[in-house]
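Undergrad: Sequence:
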Amino acid sequence: MTGDPDEISVDDIKAVRAEGRAELRALMRAQIDIGRARRTPPERQAAPSPPGHRPGAWPTGSSPPGPPPEWSYPKAAWDAAVRHYRNTQHFPDQPCDCGNCPVDNPEETR
Numbered sequence: 165m166t167g168d169p170d171e172i173s174v175d176d177i178k179a180v181r182a183e184g185r186a187e188l189r190a191l192m193r194a195q196i197d198i199g200r201a202r203r204t205p206p207e208r209q210a211a212p213s214p215p216g217h218r219p220g221a222w223p224t225g226s227s228p229p230g231p232p233p234e235w236s237y238p239k240a241a242w243d244a245a246v247r248h249y250r251n252t253q254h255f256p257d258q259p260c261d262c263g264n265c266p267v268d269n270p271e272e273t274r
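Under the numbering used here, think of the first position of the sequence shown as 165, with each following residue one higher.
A portion of the hints provided could be inaccurate.
Stated by the list, open to error - Here are the simulated distance ranges between beta carbons:
#1 250 / 227: 46 to 56 Å
#2 216 / 237: 34 to 44 Å
#3 235 / 255: 40 to 50 Å
#4 228 / 205: 29 to 39 Å
#5 223 / 189: 27 to 37 Å
#6 190 / 226: 19 to 29 Å
#7 234 / 201: 34 to 44 Å
#8 232 / 256: 21 to 31 Å
#9 262 / 233: 19 to 29 Å
In case anyone wonders, no lab produced these hints; they're calculated from the structure.
On a predicted model such as this, the values are computed, not experimentally measured, just so you know.
The beta-carbon is built from N, C-alpha and C at its ideal position, and this holds for glycine as well.
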């Protein structure tokens with residue numbers, strides 16, 4: 165025996181058996197509860213928010229990231245890319261007229 169106060173000794177079992185089945189069940193249930201309490205990690209406290217912080221807001225002195233770099237392409241480049249995609253998906257056997265494909269080699273290699 166390790167000397168743990170929650171540990172059951174042989175003498176404890178003999179005494180509980182002499183008292184009856186209900187007492188033994190209560191002892192076993194108490195032991196199960198003690199084991200569960202050991203397994204369950206203690207609840208962690210939430211980290212304190214910095215002073216002056218508004219929930220859901222960006223921290224003071226910072227800002228959200230800007231737009232992605234692909235949004236800075238001109239509209240004509242977007243339109244040509246969309247036209248090229250549509251031509252290659254819907255009309256793969258025809259030459260592309262997007263304006264970016266080479267004229268001398270109409271077949272695209274993927």
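Undergrad: Determine for every hint whether it applies to the structure shown.
TA: Hints versus structure:
Distance hint check: the CB atoms of residue 250 and residue 227 are about 37 Å apart, inconsistent with the given range 46 to 56 Å. The beta-carbon spacing between residue 216 and residue 237, approximately 39 Å, falls within the hinted interval of 34 to 44 Å. A beta carbon spacing of about 28 Å between residue 235 and residue 255 contradicts the range 40 to 50 Å that was offered as a hint. For the pair residue 228 and residue 205, the supplied restraint of 29 to 39 Å holds, since their beta-carbon distance comes to about 35 Å.
About 56 Å separates the C-beta atoms of residue 223 and residue 189, a value inconsistent with the hinted range of 27 to 37 Å. The hinted window of 19 to 29 Å between residue 190 and residue 226 is violated, with their beta carbons roughly 58 Å apart. Restraint check, residue 234 to residue 201: a C-beta distance of roughly 55 Å breaks the suggested window 34 to 44 Å. Checked against the hint of 21 to 31 Å, the pair residue 232 and residue 256 passes, with Cβ atoms roughly 30 Å apart.
Taken as a hint, the range 19 to 29 Å holds for the pair residue 262 and residue 233, whose Cβ atoms sit roughly 22 Å apart.
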